[in-house]
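Protein chains in written order, with our numbering: chain A, 1 to 370; chain B, 1 to 308.
All clues given are correct.
Pairs of lysine to any residue residues, derived as SDA-like cross-links and limited to a Cα-Cα distance of at most 20 Å, are as follows: (1) A:K142 with B:D201; (2) A:K94 with B:I218; (3) B:K217 with A:R113; (4) A:K248 with A:D355; (5) A:K94 with B:P229; (6) B:K217 with A:P91; (7) A:K94 with B:I224.
Quick caveat, the hints were computed from the structure, so don't treat them as lab data.
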Amino acid sequence: MSEGVGVDLENVWIRFGDFVAVREANVQINGGEFFSFLGPSGCGKTTILRAVSGFLEPSDGNVLIGGNNMAGFGPNERPTALIFQNLALFPLMKVWENIAFSMEVRGASAGERRKRADELLDMIALSGQGDKLPSELSGGQKQRVAIARALCAEPDVLLLDEPLSALDLKLRQHMRSELREIQKRVGITFIYITHDQGEALTMSDSVAVMKAGIIDQIADGKSIYDDPATAFVASFVGENNVFRGKVKSVSKDSAIIETNRTGNLRARISSDNQGKLKVGDDAMMFIRPEALDISTNDTSSDTRIKARVTHSEFEGQSYHVFLEGTEGKEMKMSLINRGEDRMYERGKELYLDFDANQAVALPAGELASE
Amino acid sequence: MDAGFIKEFFKRNGVGMGWFLIIAVGFWVVVLIILPQISMFDFSFRNDLPPPEIGGPKDVYTLKNYQYLIFGADGNPDGYNKTDLAVFGKTLLAAAFVTILDLVLCYPIAYYLGQSTGGGMARLFVLLLIIPYWINEILRAFAFRIIFGDSGVINEMLMVIGIIDNPIDFVRENIALYAGLGYAYILLMIFPMYNVIESLDRNQIEAARDMGASWIKIHRRIVIPYAKPGISSGCTMVFMLSAGALAAPQILGGPSSLWFTQIIYQWFNQSVNWPQGSAFAAVLLVTCIIIVLGVMRLFNVNMGDIGK
Ligand SMILES: Nc1ncnc2c1ncn2[C@@H]1O[C@H](COP(=O)(O)OP(=O)(O)OP(=O)(O)O)[C@@H](O)[C@H]1O
Ligand SMILES: [Mg+2]
Chain A
1 MSEGVGVDLE NVWIRFGDFV AVREANVQIN GGEFFSFLGP SGCGKTTILR
51 AVSGFLEPSD GNVLIGGNNM AGFGPNERPT ALIFQNLALF PLMKVWENIA
101 FSMEVRGASA GERRKRADEL LDMIALSGQG DKLPSELSGG QKQRVAIARA
151 LCAEPDVLLL DEPLSALDLK LRQHMRSELR EIQKRVGITF IYITHDQGEA
201 LTMSDSVAVM KAGIIDQIAD GKSIYDDPAT AFVASFVGEN NVFRGKVKSV
251 SKDSAIIETN RTGNLRARIS SDNQGKLKVG DDAMMFIRPE ALDISTNDTS
301 SDTRIKARVT HSEFEGQSYH VFLEGTEGKE MKMSLINRGE DRMYERGKEL
351 YLDFDANQAV ALPAGELASE
Chain B
1 MDAGFIKEFF KRNGVGMGWF LIIAVGFWVV VLIILPQISM FDFSFRNDLP
51 PPEIGGPKDV YTLKNYQYLI FGADGNPDGY NKTDLAVFGK TLLAAAFVTI
101 LDLVLCYPIA YYLGQSTGGG MARLFVLLLI IPYWINEILR AFAFRIIFGD
151 SGVINEMLMV IGIIDNPIDF VRENIALYAG LGYAYILLMI FPMYNVIESL
201 DRNQIEAARD MGASWIKIHR RIVIPYAKPG ISSGCTMVFM LSAGALAAPQ
251 ILGGPSSLWF TQIIYQWFNQ SVNWPQGSAF AAVLLVTCII IVLGVMRLFN
301 VNMGDIGK
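Working from the sequences, and respecting the hints, build out all of it.
Okay, here's the thing in structure tokens:
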């Protein structure tokens with residue numbers, strides 16, 4: 001396949017009356033990329049997708065597809081195909097008619113349509129099911145039909161609005177790899193929307209994390225997880241233990257945060273914030289549960305936390321130990337199951353070590369509410 | 001109906017409510033629908049006798065009332081009862097015309113109401129549609145007569161604008177009648193369609209639009225097939241009621257036009273020949289049912305979908 005068609009959002013604002021649904025979005029999506037928008041419900045993901053597909057025009061700024069400004073072009077004039085949050089298959093048309101609807105619109109003969117629909121049915125592993133009605137398919141099959149219907153229009157950019165959200169967990173995980181597989185095969189740009197971070201991280205080349213209309217960070221999955229740009233991203237993506245405090249001292253890429261009661265903690269400053277944290281600033285420090293480990297040393301250090309166990313859970317591949325720090329705040333530590341019993345009793349005092357490179361210091365900010 | 005269903009029915013509604021439903025619905029169906037129709041059919045096969053002879057030797061079943069509708073009175077030189085059959089045919093055609101008129105007028109309204117997001121506006125619109133029905137049907141018909149009269153609003157306006165010089169006789173041309181009938185059943189056409197269209201997922205329309213479908217295509221392939229049950233129940237009601245209307249043709253019909261129901265009415269009230277009237281009514285009813293079932297079959301609608 002060729003290079004693929006990229007999508008750019010230039011300074012896009014979308015307002016509904018006084019309400020700002022999307023604020024100053026600047027995004028560059030490369031051709032052939034699997035790009036995800038990740039954010040909590042109501043943060044404006046669907047709104048952005050509708051602006052790309054042409055169902056609404058941005059109040060300000062430009063949407064470019066393949067370098068062309070799309071202002072004034074309707075959904076049918078853009079080289080995009082949208083897969084709706086609820087799929088929106090046509091219930092009264094047979095599966096093959098659904099798939100080939102875009103060809104019907106273009107006036108293709110029934111024979112041509114049937115042929116193309118059968119090819120696509122083969123591709124989505126539903127050969128021979130073309131004469132069923134959508135209601136006679138399972139959730140995952142409907143899902144694939146929706147993808148085939150969108151691909152039949154031969155879009156340059158496929159837009160997917162939480163297409164897996166209605167499926168159960170097992171199927172969702174299966175469909176993730178299938179989607180990725182399809183994307184590699186057809187080689188077109190996928191823009192994927194989800195509030196499920198697992199989905200975003202496993203499938204995407206790049207992820208944009210959104211919070212209430214604002215894009216906080218755009219990066220690949222690993223950077224989003226390991227090197228979050230804001231407190232919101234750190235708390236929204238994956239689990240994280242947070243400590244609040246003030247910057248006590250700062251170097252180029254690390255800082256010591258003076259917390260109220262846990263003492264001084266050392267952390268790496270996330271790359272987007274290096275040079276921005278100043279001594280005395282309100283700051284937050286995040287440590288992932290899996291970055292904590294049990295210390296054999298009980299002297300105090302800026303990479304050691306003293307805490308008391310509240311309870312422990314065994315989850316097969318790992319143990320989760322929940323602790324109460326001196327701050328009274330709950331912490332979670334995850335330890336890989338290596339055969340040792342890690343079911344610590346309530347009340348046991350532990351020292352936890354962490355590597356300052358795996359702890360992230362960020363300017364204080366709004367956290368994702370659970 | 002097996003025992004399990006009956007048990008479930010009482011469990012769901014309670015014993016008291018269950019019996020009330022059974023008795024009320026039973027009474028309604030049997031006493032108010034089935035019995036009158038049966039006795040009307042029975043009447044239609046009898047001779048028109050003075051009361052003392054009823055039950056006497058002359059009170060036997062006969063087909064002569066039906067024969068009259070088709071062949072006219074004995075010794076009719078035409079061979080067929082041209083007047084009554086012509087009225088019959090014209091009534092059915094006119095009812096079909098009113099139905100199509102309402103369908104064409106109401107489909108866009110039902111679509112707009114069903115798919116518009118502005119809940120407030122749509123509700124106001126529905127209210128505006130309902131208000132005229134607070135007025136009695138006969139009064140409404142007279143109001144139409146006034147509006148469409150020689151010096152009515154419509155003629156006056158047309159003359160002021162200068163489109164016409166002399167008033168148009170809307171009543172003689174039956175325009176007033178079609179307008180009145182069409183207007184009377186607008187809601188019966190809108191609501192069933194609105195109900196179905198409202199439940200149509202808006203995303204389906206957007207999906208079709210995304211794939212480049214024109215508005216005509218969207219309606220032909222997505223909205224109309226989906227709304228078919230609503231369309232057919234609306235059409236059924238409007239057709240049946242138009243064909244069976246009496247007050248509007250009486251008041252708004254031109255002098256030359258007679259509605260079949262008016263002939264039935266004459267048999268019952270002026271000629272006091274109930275068996276003859278019953279036969280005419282039976283023919284109208286059965287023909288209407290056959291037409292409706294035939295059209296439903298033609299458009300592939302199931303009886304079960306109609307209730308939706
Ligand atoms: N047509 C509209 N008029 C007014 N407000 C709207 C409109 N569409 C969306 N909004 C608002 O914009 C915000 C973002 O909506 P959007 O549908 O983009 O959320 P989302 O991120 O897709 O959420 P979800 O994950 O629940 O689908 C919401 O607060 C919503 O209420
Ligand atoms: Mg959404």
